[in-house]
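Residue-level listing of the chains:
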Amino acid sequence: MDTNDYRRKIEQSVAKAQARHARSSSRMLAARPRSAVSGKKSPAKTRAEELGRVTRAEGADAVPQAALERLVDPKESPIVRLAAIKLLQQQQIFSSVAAEWRPAFVEALRTAVRVPALRAAALEVLSLFKDRPTQELLLQGIRQPKRALVPVHEALRLLSTDIHAGVIDAARRLMKTAQTRKNKAAVVQATRILSADPSSLGTLEEVLASDAYPMDARRVAATAISHLSPEKVQAAAESGGAPRARGLRAKKGASAAKPKGALAKHLETLRRVRGAATTPIKSD
Amino acid sequence: MTTMKTLAMTGGCCGPRAAPRAADFPGPDQIRTEHDLVRVVEIGRGNSSFTKTFLELLDERHTVYRGVETPAVIRMRGALLLALGHRALPVTALPFVLEELESPHDAWLTAVAAHVLRKFPEPSATFAEPLLSALFNIRHRDEIVRLPDDGQQTSGAVGDTTTAVGEVIRTIGWLGRAGVSCVSRLEQLLAENPGPSTSPMLVKTIEAIGSDDRTAVPADAWNGEDTAWAIASSSAHDISSVRFQDHSGTELTFADAFHGRPSIVVFFYTRCDNPTKCPLTMYRFGNLQRLLEQSGLGDAIGMAAITYDPEYDRADRLLQYAESWGAKPSAVHRILRTVGEFAIVNDYFALGVNFSASGVVNRHQLEAYVLDGHGRIAHAVTRRRWEEAQLLGLAARLMTPSRLP
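So the sequences go chain by chain: A and B. Position one of the first sequence corresponds to residue 2 (my numbering), numbered consecutively onward. Position one of the second sequence corresponds to residue 179 (my numbering), numbered consecutively onward.
No lab work stands behind these hints: they were computed from the structure. Worth double-checking, as some hints may not be accurate.
Stated by the list, open to error - Here are the in silico distance ranges between beta carbons for each label pair:
{"no.": "1", "chain 1": "B", "residue 1": "ASP525", "chain 2": "A", "residue 2": "VAL116", "range": "47 to 53 angstroms"}
{"no.": "2", "chain 1": "B", "residue 1": "ARG575", "chain 2": "A", "residue 2": "GLN141", "range": "51 to 57 angstroms"}
{"no.": "3", "chain 1": "A", "residue 1": "ASP74", "chain 2": "B", "residue 2": "ASP525", "range": "24 to 30 angstroms"}
{"no.": "4", "chain 1": "A", "residue 1": "MET216", "chain 2": "B", "residue 2": "ARG210", "range": "41 to 47 angstroms"}
{"no.": "5", "chain 1": "A", "residue 1": "PRO79", "chain 2": "B", "residue 2": "ARG210", "range": "53 to 59 angstroms"}
{"no.": "6", "chain 1": "A", "residue 1": "PRO79", "chain 2": "B", "residue 2": "ALA528", "range": "50 to 56 angstroms"}
{"no.": "7", "chain 1": "B", "residue 1": "LYS506", "chain 2": "A", "residue 2": "GLN13", "range": "56 to 62 angstroms"}
These figures come from a predicted structure and were not determined experimentally. Every residue, glycine too, gets a C-beta built ideally from N, C-alpha and C.
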């Protein structure tokens, strides 16, 4: 037997052994999902890892049954349920039958929202799905903070994925209340949302012009104005404008100040970028 | 108090119960809120004397949709469709039902439309295409839905649990022989292995269509075009001087844009998130342009796509959007936004659109118009999906002989 034949024979036997091993391990993994993952004797972290292996073994062409079952089980540990959310979120991209099990996934996530440990992860996915019942819950929380599932700024961020969900109106109302002014994170999120609302141009100018607002909100306002009304960025950069009274002057010492430092730099960049981008287009 | 009044008007709970009549209740023009609408739906569902009221409430221009958000619009329209299809779906409701199937976006509303279509007395081959559109477009947005009679959509509501896909497939099966044109598409979907619950439903449906021994229902058992194609009367208003800005930033009047040659006008907005509405409209606008070029009518027939959202859709955004969907805006085929009041254009075309409190479009129908050389509306194709060749044909008929190629 020459060396080449010998090498080929060895390669074939290695390939056979590998194939055998792969078949038996996938059979093993597929055969033990219920017991290995749902058996509560092992620690939650171990079972979460096992769930990952089982889901991978189920493959992209099958419904990820094990993960769905773990997610809907109210007695399951939040660690395992959280792992199930992450796995199912991934499988929504890779699974060839994702459309088939999407309804079950959405339903399970709506239930998971009620569990504090799962809430953030579940809301994140449901918001991306533009889930109407979830949007209604978030809006209700903004209106009645005592019943809120998440803080106002978080609710605004989650709602901002869908302009048809009533988020612009919610942001407008928030910007009109003195109470919100104290919540810097909420002001930044509300400003970000209003940047898609041409009729909030006045509010955005006000945010940009007043140092009573957080710097992040002012930067967001500047970017928004440069999109909604590019010529106004120039004016803002030069004058700074004057804050108007709309119940928003809660902070003492709020003043009209010519932008300086980071904000001035930001405005200058916007002016340059917009100037280059809008040359061929006439604006109102 | 409200319940007492309702009971009194309907004969009470014990005495002889006279059917409520629509004339005894506030007319559609007095219904201003979702609450009012739900009350009328509760009283009038399945009662044919309320059909006219329900149909008027389905008009997107109705005040009940003004200033509310999209979820409320969905709830109200779903409740109205369920009420109309409570017993037998009237023929006048078909355009609204088929519209939801042709341009599906919300799983619950799609399920409602598929569900009530089965209450139509006769299956018709004209239902096949809208149902296929619903099946292929809602698959990736599907959810578990409940179909209670009161039209509530909350996840905790009572009612039969189903999915939009399940309802649509069931309705395709209900078509029987009338759904024969669906078979090849269903087989194609089956071959792609859609999943362990969808596959058996598809097999059952294909069998149901194949084994239906009724004589095939002719495609025109219900002539959809009667209601889908309306010839609009020209508005009395003169809007020649209304100002627009086009995709290049050039300002022009309505007369500049639409006088001198017949035109095809469609409506859209760039923030529309229903792929079967505005993105498809703009894609078809591009197709129409190519068709005009091929027919040698490139400059003889004007075209315009006008945005419902002129404040947000600035010139640069319009250009970018049109190009991203394959349209090539030009001086004859423009993408337009109104400068100033959109309401004048809205009234002139009687557009099927409404807006939320924040000014964002909360609902719109599909709509295309053919204008004559004086900018007067000659034809309107509304609610149902328009076809490029049909619009072209209608516009070509308006051309003066000297302009024909």
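Starting from the hint 56 to 62 angstroms, judge whether the C-beta atoms of B/LYS506 and A/GLN13 obey it. Since the Cβ atoms of B/LYS506 and A/GLN13 sit about 59 angstroms apart, the hinted range of 56 to 62 angstroms holds.
Given the hint of 47 to 53 angstroms, check if B/ASP525 and A/VAL116 actually sit that far apart at their C-beta atoms. holds, 51 angstroms
With respect to the beta-carbon atoms only, verify the hint that A/ASP74 and B/ASP525 lie 24 to 30 angstroms apart. violated, 57 angstroms
Given the range 41 to 47 angstroms, decide if the beta-carbon distance of A/MET216 to B/ARG210 lies inside it. holds, 44 angstroms
When you take the CB atoms of B/ARG575 and A/GLN141, is the distance between them in 51 to 57 angstroms? Since the Cβ atoms of B/ARG575 and A/GLN141 sit about 54 angstroms apart, the hinted range of 51 to 57 angstroms holds.
Taking 53 to 59 angstroms as the hint, is the beta-carbon distance of A/PRO79 and B/ARG210 inside that range? violated, 46 angstroms
Given the hint of 50 to 56 angstroms, check if A/PRO79 and B/ALA528 actually sit that far apart at their C-beta atoms. Holds, since A/PRO79 and B/ALA528 (Cβ atoms, about 54 angstroms apart) stay within the stated range.
Hint violations for this structure: numbers 3 and 5, all remaining hints satisfied.
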